[in-house]
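Put together the whole structure using the sequences plus the hints.
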Amino acid sequence: MWKGRFQTETSNLVQRYGESVSFDWRLYPYDIQGSIAHATALEAAGILTKADLRAIKRGLQEIHAEIESGQFKFRVSLEDVHMNI
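Residue numbers (my numbering): 292 to 376.
What the hints contain is simulated information worked out from the structure, not anything from laboratory work. Each hint can be trusted.
Restraint-style ranges between C-beta atoms, simulated for each label pair:
(1) 373 x 303: 16 to 26 Å
(2) 313 x 336: 33 to 43 Å
(3) 321 x 349: 11 to 21 Å
(4) 333 x 369: 20 to 30 Å
(5) 364 x 335: 29 to 39 Å
(6) 298 x 356: 34 to 44 Å
(7) 299 x 335: 36 to 46 Å
(8) 325 x 368: 16 to 26 Å
(9) 299 x 324: 28 to 38 Å
For each residue, glycine too, the CB sits at the ideal point set by N, CA and C.
Below, the structure is given as structure tokens:
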């Protein structure tokens, strides 16, 4: 997330301090629902095509299934549930 601003990798200490995915991963169903609602609103506003919306929904549903099955790997380096999804 921060790579555009800095030349070096974020230190492990800063990653551990700033991460919340170790506990906010539980919010994934709501994050996915919110992302689908946002994409739906963007399609209604003419910003996304119907095909774009279908692809986004499909991708988010696949992520949901991976989380449910235990295949999805949350990464601390991505800080929070939203960035992981």
